[in-house]
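So you can see what is in the structure, the chains are spelled out below.
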Amino acid sequence: MKTLYKIPEAFTDRPTTYCPGCPHGIAHRLVSELLDEMDLTKKTVIVWPVGCSVFGYYFIGTDAVEAAHGRACAMATGIKRSHPESFVMTYQGDGDLASIGIAETVHAAARGERISVIYVNNGNYGMTGGQMAPTTLLGQVTTTSPYGREALANGFPLKVPEMLAAIDGPAYIARAALDSPKHIIQAKKFIKRAFTAQRKELGFSLVELISSCPTNWKMTPEEALKRIKNQVLPVFPIGELKVDEEVE
Amino acid sequence: METKVIINEERCKSCSLCVSVCPKNVLRISNRLNPKGYHPAELFNNDECISCGFCYLICPDAAIVEVRRPIKVKS
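Residue numbers (the working numbering), protein chains in the order written: chain A, 184 to 431; chain B, 10 to 84.
Simulated from the structure, these hints should not be mistaken for laboratory data.
Beta carbons are placed, not taken as given, at the ideal position from N, Cα and C, and that holds for glycine.
Treat the hints with care, since some could be wrong.
[As the list claims (entries may be wrong)] Footprint (simulated), chain A over chain B, 3 or more residues, beta carbon under 8 Å: (1) 36-43; (2) 49-56; (3) 59-68; (4) 76-84.
[Claimed, not checked] If you anchor each label on the Cβ, the simulated ranges turn out as follows: (5) B:Ile38 with A:Gln314: 29 to 35 Å; (6) A:Gly312 with B:Glu19: 26 to 32 Å; (7) B:Glu11 with A:Glu345: 47 to 53 Å; (8) A:Asp246 with B:Glu19: 24 to 30 Å; (9) A:Ala334 with B:Glu19: 43 to 49 Å; (10) A:Glu220 with B:Glu19: 33 to 39 Å; (11) B:Asn34 with A:Lys412: 18 to 24 Å.
[What the hints assert, rightly or not] Only some residues are given here: those of chain B computed to face chain A with a beta carbon under 8 Å: (12) Glu11; (13) Ser23; (14) Cys24; (15) Ala71.
Bound conformation, chain A alone (with noise of 0.2 Å):
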């Protein structure tokens, strides 16, 4: 027998603690691949925000830091600076990274920071209890808009991605999904570029992931993967938003 696909090294043991079908887990066993892959795994520092992946040092055996909360951007920069031969990236929630943190996330692109940041976007806070975050969807019901995000009192969803790649300082920008196989590949590929960009020393790179949350959509795993087709990508379309061409 010829093995096609195991489960990565880097991805420890132990259980997540994710509802059955979060997709974080689909994230953590990504950025565990390309760890092993690119031979990273023993020189990487991730810094871990508040949210859902609070716990995520427990699931990837690599030496980590947990940030306040939206700081990620800010305390990789000072791990980045102090231990340049160190391989930092964070991993950050729409919660984290676009709302509270998104000043220090502009900032650390604007710097062109040497960090990798993997960005999960699943239209709300998670673990607080789906309350809306900024990219909830317009209409979209959650516990803190129960008739719909509407445009005049809560503004519209913001797309980080674009809004980084207006700016010189990023090196690679791109959004990928994670609810079919397909996709899932493509955001492997993604993930990949943007650790490539930072051990090539080119600059800050981000890889959005559009993610589902089944437990605070009310809907079955499978459900909220056809959600994410149906009614988040047109929002928020999949590819490639700004490639330094040393990336390739």
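Knowing the structure of chain A, use the given hints to seat chain B on it.
Okay, now just chain B, sitting in the frame of chain A:
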């Protein structure tokens, strides 16, 4: 024949995403219970499995540990 998909039933949370993406419909949710109280997924038709690995790619809990393909022997 050896099993083509190795499933760690203790990690499975019965989300049934692997069942939904399987192109040959050879996976199903079993009647057994695992220590966490979920019904784990199982491969019930090993012969029809084409080792595409879609179940591995979509599994959020690393419960699909390994996907293998038999080596063809030239006769």
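Hints violated by the structure (numbers, ascending):
Violated: hints 1, 2 and 10.
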